[in-house]
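Just so you know, the protein sequences line up as chains A and B, in that order.
When you line the first sequence up against this note's numbering, it's residues 1 to 383, in that order.
When you line the second sequence up against this note's numbering, it's residues 1001 to 1383, in that order.
Treat the hints as calculated values from the structure; they're not laboratory data.
Ideal Cβ placement from N, Cα and C applies to all residues, glycine included.
Please note that the accuracy of each hint is not assured.
[Claimed, not checked] Quick list of in silico lysine to aspartate or glutamate cross-link-like pairs, EDC-like style, CA-CA up to 16 Å:
1. 1202/B - 294/A
2. 1124/B - 1143/B
3. 202/A - 1172/B
4. 1311/B - 1206/B
5. 1124/B - 1022/B
6. 33/A - 117/A
7. 132/A - 3/A
8. 124/A - 1258/B
9. 1124/B - 1258/B
10. 1361/B - 1022/B
11. 140/A - 117/A
12. 1202/B - 169/A
13. 202/A - 1258/B
14. 1033/B - 1022/B
15. 124/A - 143/A
16. 1124/B - 258/A
17. 75/A - 3/A
18. 1148/B - 1117/B
[Claimed, not checked] Which stretches of chain B does chain A cover? Using the computed rule of at least three CB atoms under 8 Å from a CB of chain A, they are:
19. 1187–1199
20. 1223–1230
21. 1238–1245
22. 1290–1296
23. 1366–1375
Number of protein chains: 2
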Amino acid sequence: MPEVIPEDSAGLVTPLAITFQESLALECGAVLKEYTLSYETYGELNANASNAILVCHALSSNHHAAGYHSMDERKPGWWDSCIGPGKPIDTNRFFVVCSNNLGGCHGSTGPASTNPDTGMPYGKDFPDIAVKDWVHSQAKLSDTLNIKRWAAVVGGSLGGMQAMQWAIDYPDRLAHSVVIAAAPRLSTQNIAFNEVARQAIKSDPDFHDGNYYEHGVIPERGLRLARMLGHITYLSEDSMHTKFGRELQEGSPRSGYEMEFQVESYLRHQGTRFAAEFDANTYLLMTKTLDHFDPARDYGHDLTRALNRAKARFLVISFAGDWRFPPERSREIVRALLENNLDLSYAEITANEGHDAFLMKNPHYLDVFRAYMDRVANEVAAS
Amino acid sequence: MPEVIPEDSAGLVTPLAITFQESLALECGAVLKEYTLSYETYGELNANASNAILVCHALSSNHHAAGYHSMDERKPGWWDSCIGPGKPIDTNRFFVVCSNNLGGCHGSTGPASTNPDTGMPYGKDFPDIAVKDWVHSQAKLSDTLNIKRWAAVVGGSLGGMQAMQWAIDYPDRLAHSVVIAAAPRLSTQNIAFNEVARQAIKSDPDFHDGNYYEHGVIPERGLRLARMLGHITYLSEDSMHTKFGRELQEGSPRSGYEMEFQVESYLRHQGTRFAAEFDANTYLLMTKTLDHFDPARDYGHDLTRALNRAKARFLVISFAGDWRFPPERSREIVRALLENNLDLSYAEITANEGHDAFLMKNPHYLDVFRAYMDRVANEVAAS
Chain A
1 MPEVIPEDSA GLVTPLAITF QESLALECGA VLKEYTLSYE TYGELNANAS
51 NAILVCHALS SNHHAAGYHS MDERKPGWWD SCIGPGKPID TNRFFVVCSN
101 NLGGCHGSTG PASTNPDTGM PYGKDFPDIA VKDWVHSQAK LSDTLNIKRW
151 AAVVGGSLGG MQAMQWAIDY PDRLAHSVVI AAAPRLSTQN IAFNEVARQA
201 IKSDPDFHDG NYYEHGVIPE RGLRLARMLG HITYLSEDSM HTKFGRELQE
251 GSPRSGYEME FQVESYLRHQ GTRFAAEFDA NTYLLMTKTL DHFDPARDYG
301 HDLTRALNRA KARFLVISFA GDWRFPPERS REIVRALLEN NLDLSYAEIT
351 ANEGHDAFLM KNPHYLDVFR AYMDRVANEV AAS
Chain B
1001 MPEVIPEDSA GLVTPLAITF QESLALECGA VLKEYTLSYE TYGELNANAS
1051 NAILVCHALS SNHHAAGYHS MDERKPGWWD SCIGPGKPID TNRFFVVCSN
1101 NLGGCHGSTG PASTNPDTGM PYGKDFPDIA VKDWVHSQAK LSDTLNIKRW
1151 AAVVGGSLGG MQAMQWAIDY PDRLAHSVVI AAAPRLSTQN IAFNEVARQA
1201 IKSDPDFHDG NYYEHGVIPE RGLRLARMLG HITYLSEDSM HTKFGRELQE
1251 GSPRSGYEME FQVESYLRHQ GTRFAAEFDA NTYLLMTKTL DHFDPARDYG
1301 HDLTRALNRA KARFLVISFA GDWRFPPERS REIVRALLEN NLDLSYAEIT
1351 ANEGHDAFLM KNPHYLDVFR AYMDRVANEV AAS
């Protein structure tokens, strides 16, 4: 909880929501008759609506990307390190929009929402969502906000995948695509970890085949395990070692079965907190979305061909210690962009924090990111 | 199932067991009043009992290291690639012993065994077991078999840790210590993965606080998750990619929520098979044993000092693609051995199979291993 809002904060922000009273055709063939997107904005839209930045969120976050909802809020939005006055995504210069992805559990229509056909929560009947659907729904939001063309679409991890999909699906609607700590598709190991997380949720007796809402329970044990596991893949071996080493939890016996390492109680705590906040069906849905993301699939498994339609200029950033989406995966994207002769900046950042590095205040990272966004802001100012 | 037993197989083997009608004092302070060790032997003990090799098993295996129990057995013992006539541990030259670790679930006394004090299964009351206890009980077995000194104590992974502990605790009772794909202690990340596996088991409603035996159930869901997760850490990213890539399961839809990658059903299958065979309390116990293993702890966290008592000659082997216990961890052992001026061979094998490489028929690995064991056999012959 901030005693005073820091000067470089986006400040107190109020979540917004818009309900679209029109249907949305999804990639899977299903149709959402109506849908709501919750979102937040930071900064001011300029007169010709040319300074708008769309921020796309990762697997388990939401539309609260920066600032505080109230003076009582314990922590600011998830990307407060990068969004705010004077930060890389400078809210003095940009109008920033971040929406909760469709299928989410923070205000946007998702499995816990009421299915208009039944009057009950969708549960497991919520349709499959593809990254293309997120991009499509975000384009609808852009229309509503009268943003014809984003100065940049920006995201880390699964957010970076959305930024890439935007460049493919709406080549004329963004000037820049910023793809951070992402991959052109998941590796076999990535899918394997996701499947263990899904099985943890699905095998929880409180899951009730996805209809736990009507039983008044949540698959807390499964979600907790899913998060504990996910958390290990977000951190590097190095950062875990630095943070916890083999230190024992306070009060732990020095040996034996009850002996407890700090890292164990830390993970359990993370898992328990997450399980209290996040919807299990959303977790299943979003990991499946992530597994299935593969823009090259429709182009003979050739990412270069997939990106052939793109016109945006790109910033791609990867982190040396990221074993979830390591630099080699970003280089696949870079190679495909180069082969299309697209304007491109690429930075590989030395960092110790693993995949989570994209959320951290790493000076080199922030400098590279800021330098690029300054260029974007200067173009906006000159336009 | 073999139609004929291959010529280089240890052949048909019969599991043995010995019950010690004497107490065993454990590291944790508890005492086992009596205990059974199940074991197998391959080859013939020579007249002066100088050709005996002790093979130590890893987390989830057992005393069935080589050969077949019957012509109907689907697969040979877990280290059949390395034990048999003409193989690195050549049963024409050596007498090989492998016992199920104390606390196990394949015949040796463990949590599912009857507690003589209560007439009920030990369950969660089974005492903590340390690697030192395994070594101690194996020494008792050696006495019974009239083996005063092992030509070599050999093991991979947690088995390699036992081989190292043998050299520390019984410096005069082994000539060689062969430490394969091991580490001097677990990393924070190793512990973290183990804790997720334990939580999966403990949070299964069928776990009943470890006393599931009396409820006539097993925590099948938890064990299944634990194994799926473990399995990912045994394979390399590369080998998973080569084996499964992003190939879809036969009959899977090409997109959507029901779409299924081969790696997903493979992992589920592995998990289900394991859960039917392995005891959950043993899994909890052995992962804790592994987490707590740290021979340097009692020597001011100095591995060199811990190994100062060792007299054995060492072969240390690591595998490039092993991200569970990568070569850097073996090098820590090598460094400590060098600082003690101990006789040492070290090989870092280029392999694609991850941690499981130590079970595979990698030609370079087998050649290095065979060359070293030939030296051991020649010493035995000359003695």
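> Going through the earlier hints one by one, which of them does the structure break, listed in rising order?
Replying inline: Violated hints (numbers, rising): 1, 2, 3, 4, 5, 7, 9, 10, 11, 12, 15, 18 and 23; every other hint is consistent with the structure.
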